[in-house]
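We have chain A already, so just place chain B on it with the hints.
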Amino acid sequence: MAKEKTNKTPAAILNVTPTKGDKVFDVINIIIMVLLCIIIVYPLYYVVLASITDPRVVNTGKMLFWPEAPYFKGYQEALTYPQLISGYKNTIWYTFLNAIVALACTIPGAYALSRRDLPGRRPIMFLFTFTMFFNGGIIPMFLTIKSLGIYNTPWALVLPAAVSVYNLIVCRSFFESSLPQDLLEAAQIDGCTDFRFFFQFAIPLSKTIIAVMLLYYATAMWNTFFNALMFLQDDDRMPLQVVLRNLVLSNQLSASASGAEAAEKQKLVDQLKYVIITVSAVPLMIVYPFVQKYFASGVMLGAVKG
Amino acid sequence: MAKNAKASADPNANDRSLIQRILRSWQLYVLLVPALVWLILFAYYPMYGLIIAFKDFKIRAGILASPWADPLFKHFTNFFSTSIASTTIINTILLSVYQLLFSFWVPVVFALLLNQIRSNGARKAIQTISYAPYFLSNVVLVCIISVLFSSTGVVNSILASMGMKIQNFTSEAQYFRPLYIGSSIWQSMGFNAIIYIAALSSISPELYEAALIDGANKFQRVWYIDLPLIMPTVILMFILAVGNIMTIGYEKAWLMQAGGNTSVSEIISTYVYKTGLQSAQYSFATAVGLFNSVVNFIILVIANLIAKKTADISIF
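Respectively, the protein sequence lines represent chains A and B.
Using the working numbering, read the first sequence as starting at 1 and increasing by one per residue.
Using the working numbering, read the second sequence as starting at 1001 and increasing by one per residue.
No false leads were slipped in.
The calculated BS3-like cross-link candidates involving lysine-lysine, where the alpha carbons are at most 27 Å apart (straight line), are:
| no. | chain 1 | residue 1 | chain 2 | residue 2 |
| --- | --- | --- | --- | --- |
| 1 | A | K73 | A | K265 |
| 2 | B | K1124 | A | K293 |
| 3 | A | K23 | B | K1124 |
| 4 | B | K1074 | A | K146 |
Taking beta-carbon pairs under 10 Å as the criterion, some of the chain B residues facing chain A (in silico):
| no. | residue |
| --- | --- |
| 5 | T1128 |
| 6 | F1219 |
| 7 | G1243 |
| 8 | L1255 |
If you anchor each label on the Cβ, the simulated ranges turn out as follows:
| no. | chain 1 | residue 1 | chain 2 | residue 2 | range |
| --- | --- | --- | --- | --- | --- |
| 9 | B | A1210 | A | Y75 | 58 to 66 Å |
| 10 | B | A1241 | A | Y42 | 21 to 29 Å |
| 11 | A | T129 | B | N1078 | 30 to 38 Å |
| 12 | B | P1205 | A | K293 | 18 to 26 Å |
| 13 | B | Y1048 | A | E185 | 37 to 45 Å |
| 14 | A | R122 | B | V1037 | 15 to 23 Å |
| 15 | A | I286 | B | P1205 | 32 to 40 Å |
| 16 | A | E68 | B | S1151 | 19 to 27 Å |
Hints were generated in silico from the structure; no laboratory data involved.
Glycine is no exception: its CB is placed at the ideal position from the N, C-alpha and C atoms.
Just chain A, same shape as in the assembly (with noise of 0.2 Å):
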């Protein structure tokens, strides 16, 4: 990250005025640069944009650029849908537990593993990063969960997910290239225990790294799917995911509105499906910007050893 900052073109540096050549090329490349950014953002855009516009018009199938005919019952009628209100306390509650859960276990497992003096650090380490090239896959993952007694409890979709190899590693290169060895030493030779060190020490050093890990166990968790349809048996216990795909893939949806008429049912469903996206889309998109430097020191410091 500390690099990307002092990064400078070096036609700014040196203060070259640009050829006619290099022109165009900047003007191709803006024009790429810009379409690009609508490739990406316009698909987004357009699904909260239908999530409040009139689904008459939505399925004329125009392309929306703002609002109009504003038309917001879906998100009145998405407020009473029991499923999804459940699918979201749901997925708040499973993604609260695993944060728990995942930072207890990677921080401190990254830790002791980050330390060279710890005995046996090697085949340790080597133990987990097999895992991540060759697993048991499902059946016996389900067989597992099934045997362990957690099966249809939010345990069988935070305990699984209580350690990811991957950020394991990250998380163990940032210790071992961010606590100074001079520190430990000078602590061990005043009697610091390896717990005193750890709590006092690597902890309040590694904010930046708790962040990242956090970010992406709850983004983990936020978006976990499949665990759920294989783990999850009983309708109200679903996360937000598998409620999405049930409604909007499935066809599940039904107006419950009553006494309305049909046609406005038909729109009510018609509009529900964006209406839905987005909502359980939302919370990253909103919590992204302010974290999203957070997920990109986190793949530099996967690089470093991944």
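Showing chain B alone in chain A's frame:
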């Protein structure tokens, strides 16, 4: 510290000091316990469960008491004797190979072009926008595809307004791969470019200065400086991507399965899910999954060996 162990000349003392070191590090092992418990329960215990691929597993009897399959490789031979075996294997390989061919170079080009944007602010802004879709879940992604490409969706309307026929993008076999790969480029181009952008930003400005003095234009600077210098990173990422060729995610493929596209969208992992968990053929599905894992593991190890040789970087 390791130094203490080396300090003693007596070999017996070495053994003793290893035990001492282990005892002295007990607090570190305590810190490691939660992660180790996870490793045993959710990584190695399921691996032990793989032996049901060689058994006739009955859920009542449990893993140990279930009888061995007769012959031992029954479930594997059963799989290979069906036509679905070749279909799913070919679909898996084609989907990954096409994905690699069509999407691998996109982040590289994007990073090279982005690096030529002069304003720092604009560059940061474009980069931030570019990896926004990465954090959408597969479900949200497939939902967006399904609404945009439905028969009444905006894509078909645009086609219709240009006088073209309306297509069933989401259920016809011929559109499955383009949609799958296109959406994954859309979703991960920016994120995959991060590593190249970082590699570009570490190129020494002196090289550009020298090139400018020699009168090299922008295109030449990209072609003769940027590209060769990020090539090692590109090659490494390519080898790693080849190594992952059989691990293509089942979640998105399964979610995108609709109507007539199963002839191309049924890959090994979605087939494992269906036979295993939807029709409860545990042993058979485990055997199919194990076959996939083993092939994948072999490819990964080979790719990793090549990466080690060429770039001196290894994931092990």
